[in-house]
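K.L.:
Read off the chains here:
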Amino acid sequence: DGGITQSPKYLFRKEGQNVTLSCEQNLNHDAMYWYRQDPGQGLRLIYYSQIVNDFQKGDIAEGYSVSREKKESFPLTVTSAQKNPTAFYLCASSPLLFTDTQYFGPGTRLTVL
Amino acid sequence: SQKIEQNSEALNIQEGKTATLTCNYTNYSPAYLQWYRQDPGRGPVFLLLIRENEKEKRKERLKVTFDTTLKQSLFHITASQPADSATYLCALYSSASKIIFGSGTRLSIRP
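Chains as they are written, first to last, in my numbering: chain W, 2 to 114; chain B, 1157 to 1267.
There's no promise every hint is true.
In the DSS-like style, the derived pairs of lysine-lysine whose C-alpha atoms are separated by at most 27 Å in a straight line are [unchecked claim]:
(1) B:Lys-1159 <-> W:Lys-58
(2) B:Lys-1227 <-> B:Lys-1211
(3) W:Lys-84 <-> B:Lys-1159
(4) B:Lys-1227 <-> B:Lys-1173
(5) W:Lys-71 <-> W:Lys-58
(6) W:Lys-58 <-> B:Lys-1173
(7) B:Lys-1227 <-> B:Lys-1213
(8) B:Lys-1219 <-> B:Lys-1254
(9) W:Lys-84 <-> B:Lys-1254
(10) W:Lys-71 <-> B:Lys-1254
Computed Cβ-Cβ distance ranges for the label pairs, DEER-style [said to hold, decoys possible]:
(11) W:Lys-15 <-> B:Asn-1168: 37 to 43 Å
(12) W:Asn-29 <-> B:Glu-1161: 34 to 40 Å
(13) B:Lys-1254 <-> W:Asn-29: 20 to 26 Å
(14) B:Pro-1267 <-> W:Lys-15: 35 to 41 Å
Bear in mind the hints are in silico, worked out from the structure with no lab data behind them. From a predicted model like this one, the values you see are computed outputs, not experimental measurements. We put the beta carbon where it would ideally sit given N, CA and C, even for glycine.
Produce the entire structure from the sequences given, and follow the hints as far as they go.
P.N.:
Structure representation (C-alpha cells):
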C-alpha cells in the first residue's frame, strides 16, 4: 500500500458521535486526498490538500472536516452532521496535486450503528 | 451532466484470453485518464496513466488506449491469468472537475 497507513482497519461508532480517521504517509508527497467508496460505486472525493495548512473541499465535503498540520498526516473527522457515514474511506497521496499517480492506503471501514 | 461509465459491472473470461474493459465519458475534456486495480477490502493500486495527446500506452501485459473523439478508453489484459481477477477502476482528471472515478468492472478469470 505504498507507504500510506490508515488506522484503524475497522471502526464502529454510535450515531451522533464524531470520529477521526487517521492517515499517515512517509512518501514525502505534497498532496493528500480523502475518498469515500460505497458498494458498487466509484470513489468520491471528500477533501484534498496540496500542501501543509491548505486543503480544499471535494465533491462531497458536507459533514466532514480535515486538517493538514504536518506534511505526513491528513486526518479526516466524520461529524454527526454526515447523514450516511457508513462507508469505506480511502486516503491517498501523490507527489503533486492531481498531476501524478495516486498512492492509496489500505482503507478504513466505518460502520455507524 | 458529466458522466463516466465502465461498460459492465462484471466480466468473466477464460484464462489465456484477452480481457477488454471499457471506460466511456461524457461532457468532460480530460487531461489524462488512469486505470487502477482494486482487490476486495483494499485500496486501489495504480496501473497506467494516459494523457489526452497519447493514443496508446503499454506495460507488460497491459495496454490502454484513449480516444478523445469517441470519449472512450479501452483497457486490455493479454494472456489473462486467474491472478488478474479484481475490480478495475478508471479515473479521469480535468481541471474543471478534478478527479472522477468510475464504479469499476469486476473481472473474473476462470482457469
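K.L.:
Taking the hints in turn, state whether each one holds.
P.N.:
Status of each hint after checking the structure:
{"no.": "1", "hint": "B:Lys-1159 <-> W:Lys-58", "result": "20 Å, holds"}
{"no.": "2", "hint": "B:Lys-1227 <-> B:Lys-1211", "result": "12 Å, holds"}
{"no.": "3", "hint": "W:Lys-84 <-> B:Lys-1159", "result": "24 Å, holds"}
{"no.": "4", "hint": "B:Lys-1227 <-> B:Lys-1173", "result": "26 Å, holds"}
{"no.": "5", "hint": "W:Lys-71 <-> W:Lys-58", "result": "18 Å, holds"}
{"no.": "6", "hint": "W:Lys-58 <-> B:Lys-1173", "result": "43 Å, violated"}
{"no.": "7", "hint": "B:Lys-1227 <-> B:Lys-1213", "result": "16 Å, holds"}
{"no.": "8", "hint": "B:Lys-1219 <-> B:Lys-1254", "result": "24 Å, holds"}
{"no.": "9", "hint": "W:Lys-84 <-> B:Lys-1254", "result": "24 Å, holds"}
{"no.": "10", "hint": "W:Lys-71 <-> B:Lys-1254", "result": "24 Å, holds"}
{"no.": "11", "hint": "W:Lys-15 <-> B:Asn-1168: 37 to 43 Å", "result": "41 Å, holds"}
{"no.": "12", "hint": "W:Asn-29 <-> B:Glu-1161: 34 to 40 Å", "result": "36 Å, holds"}
{"no.": "13", "hint": "B:Lys-1254 <-> W:Asn-29: 20 to 26 Å", "result": "23 Å, holds"}
{"no.": "14", "hint": "B:Pro-1267 <-> W:Lys-15: 35 to 41 Å", "result": "46 Å, violated"}
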